[in-house]
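Knowing the structure of chain G, use the given hints to seat chain C on it.
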Amino acid sequence: MKAPNKNSGFKIPENYLENFNDALLDKIASEEESKLPNKEGFSVPEDYFNTLYKNITEKLDKTPTKVIALKFYKKYYYSAIAAALLLFIGLNLNKTETYSMDDLVNADIDAYLEYTNLDLSTYEIAEVIPLENLDLNDMLKITINEENILYYLESDIDDFNELNLDSNEY
Amino acid sequence: MIKEQTLIDNLKQTETQAKAFEVLVNTYKERLYWHIRRMVLNHNDADDVLQNTFIKVYRNIGNFKGESKLYSWMYRIATNESLSFLQLKSKKMGIDSVELQETLLNNLESDVYFEGDEIQLKLQKAIATLPKKQKLVFNMRYFDEMKYQKISEILETSVGALKASYHLATKKLEAYLKE
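Taken in sequence, the protein lines are chains G and C.
The opening position of the first sequence corresponds to residue 26 in this note's numbering, with each subsequent residue numbered one higher.
The opening position of the second sequence corresponds to residue 494 in this note's numbering, with each subsequent residue numbered one higher.
In isolation and in its complexed conformation, chain G is listed as follows:
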């Protein structure tokens, strides 16, 4: 192939070719924008923004300071609730049929957790978790090694009391 004529005298601005794609997309986008309505029609109540800070601070005072994510305990919630429901079923309908954990559809337990205000504290959850032979990694989907836990405790926990959590907070 013939080499381009380097002595033609033409020049292009610095970085022109590097920026060409971006410039082209910008141009296409600006042409497209003109075909769309430029207002969206949403409005807000009068004085909404003026009273917002007050409303937030009021809500802040009412809400607890920390919440622990329940994910780790979910599995045990399932077991505890499933056990309670099975016991209930067993007491009320006993002698006719035998029920097992499989009779409880996870979705039903999910729905129960979702719509029922269980309001269990960490201690109450701890009571239903069988601690024998329990390892932290049993509760997590990913495996955390001891080294990482020690690093986290060293770098992120200033006050040991923080570890003694006593309410559902995040």
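The hints are simulated quantities; they were obtained by calculation from the structure and are not laboratory data.
Nothing here was measured: the structure is a model prediction, and the numbers come from that model.
Glycine residues also receive a C-beta, built at the ideal position from the N, C-alpha and C atoms.
Errors might be hidden in some of the hints.
In silico DSS-like pairs for lysine-lysine, Cα to Cα no more than 30 Å straight-line [to be verified]:
(1) G/Lys84 <-> C/Lys522
(2) G/Lys79 <-> C/Lys665
(3) G/Lys64 <-> C/Lys562
(4) C/Lys584 <-> G/Lys87
(5) G/Lys84 <-> C/Lys549
(6) C/Lys549 <-> C/Lys643
(7) C/Lys549 <-> G/Lys79
(8) C/Lys628 <-> C/Lys585
(9) C/Lys585 <-> C/Lys549
(10) C/Lys512 <-> C/Lys582
(11) G/Lys79 <-> C/Lys558
Restraint-style ranges between C-beta atoms, simulated for each label pair [stated by the list, open to error]:
(12) G/Asn46 <-> C/Thr499: 35 to 43 Å
(13) G/Asp47 <-> C/Thr507: 22 to 30 Å
(14) C/Asn573 <-> G/Leu85: 17 to 25 Å
Residues from chain G shown here face chain C by an in silico Cβ test under 7 Å; the list is partial [what the hints assert, rightly or not]:
(15) Ile37
(16) Leu49
(17) Phe67
What follows is chain C alone, placed relative to chain G:
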């Protein structure tokens, strides 16, 4: 305007926290509100999510390491809060996310805080058909007029990918509006 680092420092100190929080709310309330409102559509829901966003920011400012800018961190919290809110709402209503969008759009027609005309309503319906990421990029670029660089910091996506997303979104919206 107060410097971001000063604001962060003040938010982390008990004596200056309350005043700094007021400054933070007043500085970002409108921007975050509209960002959230475009996702949840309804004013009352947007108000709830916005308040929760600020409460989360207040409670977690101690964990903010300053690796990103404060506004991009707050936008990320607002985005996550909005998406979680929508997810929870659809779960509570026992419907999927597509049905939820349809419900929200139907409610928009009778919403006292929606004053849009037919074409604006149609635009909202068109936006609802976009995938999550394209919807976010379109709203941030088109309505917020946010620079790609800023969107890139918030969504942690390259500018090139954002431009492509925006281009695809506008093409789809245009086609929908022509129908």
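Hints, verified against the model:
The straight-line distance between the Cα atoms of G/Lys84 and C/Lys522 is roughly 16 Å, inside the 30 Å bound, and the hint therefore holds. Restraint check for G/Lys79 and C/Lys665: not satisfied, since their Cα atoms lie roughly 41 Å apart, outside the 30 Å limit. Straight-line distance between C-alpha atoms of G/Lys64 and C/Lys562 comes to about 29 Å, which keeps the hinted pair within the 30 Å bound. The straight-line distance between the Cα atoms of C/Lys584 and G/Lys87 is roughly 26 Å, inside the 30 Å bound, and the hint therefore holds.
Our distance criterion of 30 Å between C-alpha atoms is met by G/Lys84 and C/Lys549, whose separation comes to about 12 Å. A hinted pair counts as satisfied when its Cα atoms are at most 30 Å apart, and C/Lys549 with C/Lys643 qualifies at roughly 22 Å. At roughly 16 Å between alpha-carbon atoms, C/Lys549 and G/Lys79 fall within 30 Å of each other, so this suggested pair holds. With a C-alpha separation of about 23 Å, the suggested pairing of C/Lys628 with C/Lys585 holds against the 30 Å cut-off.
Restraint check for C/Lys585 and C/Lys549: the C-alpha separation of about 23 Å stays at or below 30 Å, so the hint holds. Straight-line distance between C-alpha atoms of C/Lys512 and C/Lys582 comes to about 34 Å, which puts the hinted pair past the 30 Å bound. Restraint check for G/Lys79 and C/Lys558: satisfied, since their Cα atoms lie roughly 28 Å apart, inside the 30 Å limit. The hinted range of 35 to 43 Å is satisfied by G/Asn46 and C/Thr499, whose Cβ atoms lie roughly 39 Å apart.
For the pair G/Asp47 and C/Thr507, the supplied restraint of 22 to 30 Å is violated, since their beta-carbon distance comes to about 46 Å. The supplied range of 17 to 25 Å is met by C/Asn573 and G/Leu85, whose beta-carbon atoms lie about 19 Å from each other. For the restraint placing G/Ile37 at the interface with chain C, the shortest Cβ-Cβ distance is roughly 21 Å, beyond the 7 Å limit, so the hint is violated. At its closest, the beta carbon of G/Leu49 sits 10 Å from a beta carbon of chain C; the interface hint therefore is violated under the 7 Å criterion.
Annotation: interface hint on G/Phe67 holds; nearest CB of chain C at approximately 6 Å, less than 7 Å.
When the structure is compared with the earlier hints, violations turn up for hints 2, 10, 13, 15, 16 and for no others.
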